[in-house]
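Those protein sequences? They're chains L and D, same order as listed. Using the numbering used here, the first residue of the first sequence is number 193, and each one after it goes up by one. Using the numbering used here, the first residue of the second sequence is number 64, and each one after it goes up by one.
Keep in mind the hints are simulated off the structure, nothing from the lab. Hints are supplied without guarantee of correctness; some may be wrong.
Unchecked claim - Covered stretches of chain D, as calculated for chain L (at least 3 residues, CB under 8 Å):
#, region
1, 73-87
2, 364-373
To be verified - Using 25 Å as the maximum straight-line C-alpha spacing, the simulated DMTMM-like pairs for lysine to aspartate or glutamate come out as follows:
#, chain 1, residue 1, chain 2, residue 2
3, D, Lys151, D, Asp122
4, D, Lys266, D, Glu297
5, D, Lys499, D, Glu564
6, L, Lys237, D, Asp144
7, D, Lys810, D, Asp841
8, D, Lys85, L, Glu221
From the three backbone atoms N, C-alpha and C, an ideal C-beta is built for every residue, glycine too.
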Amino acid sequence: MFEKLQRAFWKALTPDLVAETVAAPTQNELSAEVLSALGGADNLKSQQRVALTRVRVQLEDAGRLDEAGLRASGIAGVMVLPGGVVHLLTGL
Amino acid sequence: MIATQPLELRAPLSGVLLALDKVPDPVFASRMIGDGLCIDPTSQTLCAPLAGVISNIQDTGHAVSITDDNGVQVLMHIGLDTVSLAGKGFTRLVEEGQRVEAGQALIEFDADYVALNARSVLTLMLVVSGEPFTPLANGLVELGQPVLQVAPGNRIEEADEEEGDALFSRPLTLPNANGLHARPAAVLAQAAKAFSASIYLHKQTQSANAKSLVAIMALQTVQGDSVQVSAAGEDAEAAIAALVALLTQGCGEAVTTPTAPEQPVLPATLLRGVCASPGAAFGQVFQVAEPVLNITEQGAGQAVEQAALARSLAAATQALQALQDDAVGSAQAEIFRAHQELLEDPTLLEQAHGLLAEGKSAAFAWNRATAATVELFQGLGNALIAERAADLADVGQRVLKLILGIQDSAWDLPERAILIAEQLTPSQTASLDTRKVLGFVTVGGGATSHVAILARALGLPAICGVSPEVLALANARYVLLDADQGTLQLDPDLAQIEQLETARAQQLLRHQRDMAQAGVPAITRDGHHVEVTANVASLPEVEQSLGLGGEGVGLLRSEFLYLDRNRAPSPDEQAATYTAIARALGTERNLVVRTLDVGGDKPLAYVPMDAENNPFLGLRGIRLCLERPQLLREQFRAILASAGFARLHIMLPMVSLLSELHLARRILQEEAATLGLATLPKLGIMIEVPSAALMADVFAPHVDFFSIGTNDLTQYTLAMDRDHPRLASQADSFHPAVLRLIDTTVKAAHAHGKWVGVCGALASEALAVPVLIGLGVDELSVSVPLIPTIKATVRELDLADCQIIARQVLGLEEAAQVREALRMYQAATVETSPVVEL
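When you get a sec, could you build the whole thing from the sequences and use the hints?
Set out below in structure tokens:
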């Protein structure tokens, strides 16, 4: 918590030194089936490729997630994390 | 060692299995560490795939290995390149040596944090002991599901204990940013396996079988650790050569050698460091290496081990006492007294006894206790305390050797030895035959390190912070150590050596002449008198300074009077000290007492304060005193007691704001009124912060004098730490920026009829004297032994010339140019000076 605050402060003071990490949800890498299993495009706050094998998505409402539907649409593994964060294991 | 049943390894996590060759990391993919499997996890608690003992768990919590009763060893490594997270995102749930059941939780990790901050979350489970196995699962697996079946009994025998005479490599400094973690350790173990010799890797008192990945990882090495390779067997020599080369190159990891980037133009025959003690010497390399100690963990019964520890502690105390008695009054004696105190440290003893109670051996318990405290010291982020860690390590070794019955053999020094070491400890240097030693070169340490103190006490040149490659120099190689320049020249040519020897002979001659004339006042050839006073920290130093022609005290470092105290000295005691010093000087001489100048960078035992992130920009000097006004009040009262015995001046350190001066003056006035003093002593401030120098015209009406602290003024003006191993050569007080601030200060002071002194190290440099006098500085307060030299230098100068040279150097671009200009001027004056015409 404190670290986050400090970081925010630091960033405010030296905007050029801290890289933006929030990836804008630009090109949609997710198929229509995956999107619908995630509760539709409007349920998607952000998406980001991380850690070589994963797409990290942030959902408005994690309750609308359909895990079986994701597997059916070719996602090998699903990791549901607190705060509406979901890792979709898409492989290398 | 044949197990009756095949062993099933369970999935340590839920997730998706991935073929090992697919893992985007050559070390894991090539099975260099061992064969096994890879999981892309969907759960966040790593559980034991088999029952056994935790044979290693990394401090950073990203890797753990388990060995079962049949010797099957399984390593789990969470994520790729996760060592760089330094433990963040990982929580260890078990400890090394602990027995765990299959399925027991080992490490919790924050998968989201790891995914966002490391290269990958891909987790490896590898059978590092080498048994063949068959896979039992594919695709998606659940935590605890059987995934591998290990065939027992076919594992590769590890090399036995080292036999016969082992060869040792020179000590190496690990370049890897994260020490020998899994990847580099695997590369090393793989290379070691190519040799038939038994090979060990040593770190301080620990050692590891270099063919065992887990053993190497268990050393928990970090960057900068000093390690050694030993080998015994037919191809031992080749093995050492190969592994040393591999370790130096980073074992497959990209490493930057610390000196490479910033000194690309230097020829390889010149190594650079920081001057720790001035002078120069030509001699031959003597590498100082410590013997390797073998420590068994298990004790022979608590009572026996306790007695062994007590005996060794007593013997160490006695030995330290003997060393002190041999070196009464010297810096050495002080150090050994401090060591004795460390031996009595209750927390240290408590820790050791705790381990003894667990059945450990005396050697193991003592080593563990001291090592833990050393680490604690080093982790405090304070250079001074970190250097005391070296002292603790030293005294720790002393006791350890006594426990293990290892005799310290005196080194067989060659003539004209220049000692080279990672770090020299007081114990190592105590028995040193100083007649044979001409200088010191160390990789570690700074200007306050032990070797620096010792070298200055012996009057020998020394440099610190030299690149670790110096440890690879062969013994008996000829080198030219020029500490003034901070360089070590390898294989110098005859001309360089002769030049140095001539310079030394001249210096000696000059010094004798200066000493003989110490009593003559410092008056320039055109009749301008410069007051040369002393920087002192004790009454004996005051007396010594008077003998060397000192004209007063320009800086009494009051914090040093009670440096070794745990409690504040009583007001009476303080008053007695100041009065004694004032009496020694008499009513015709100046005494400038600087109030307590302590802070995060200069801790004082009886003024406890919190550690600061950036002590040099924190509560230092007057800031701390105003924060604790009672301390300042008491000190003022004690100083005022000496009024009338000398020409008393009080000086405030680290003033950066006018309000600080006003506040301190008010407190001083109140204390003087309480004591019924009619006249206040002179009150001045140190100019060591650029704000004070730039505003000197605003400060001047409110002070009686200024004294410029060039060390801090340089550090703050150039934003460079003067003890920084790579910046120190640039953090030079001769920089025109610093000289311009001195110029500003002097002009402002003289416009208001106030005098200016310089009490920083710049005043003690003969080369700087012409520019300081030329800028109008009225007083030079110098370190005691240099009083005769500085006075002699003044007598050789013409004020009018100095003024011209001072104006000229103010317009130069950098410190090196200023030095060059002053050197030329010096050469010109020396030629016409009667001093060297002997």
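Evaluated hints:
Beta-carbon proximity to chain L at under 8 Å applies to 5 residues in the region 73-87 of chain D; the threshold of 3 is reached and the given coverage holds. By the rule of at least three residues with a Cβ nearer than 8 Å to a Cβ of chain L, the coverage given for the region 364-373 of chain D is violated, with 0 such residues. A hinted pair counts as satisfied when its Cα atoms are at most 25 Å apart, and Lys151 (chain D) with Asp122 (chain D) qualifies at roughly 11 Å. Of the pairs offered as hints, the one joining Lys266 (chain D) and Glu297 (chain D) holds, with about 24 Å between alpha carbons and a cut-off of 25 Å not exceeded.
At roughly 17 Å between alpha-carbon atoms, Lys499 (chain D) and Glu564 (chain D) fall within 25 Å of each other, so this suggested pair holds. Among the hinted pairs, Lys237 (chain L) with Asp144 (chain D) is inconsistent with the structure: their alpha-carbon atoms are about 29 Å apart, more than 25 Å. At most 25 Å may separate the alpha-carbon atoms for a hinted pair to count; Lys810 (chain D) and Asp841 (chain D) meet this at roughly 12 Å. As the CA atoms of Lys85 (chain D) and Glu221 (chain L) are separated by approximately 23 Å, the hinted pair is consistent with the 25 Å bound.
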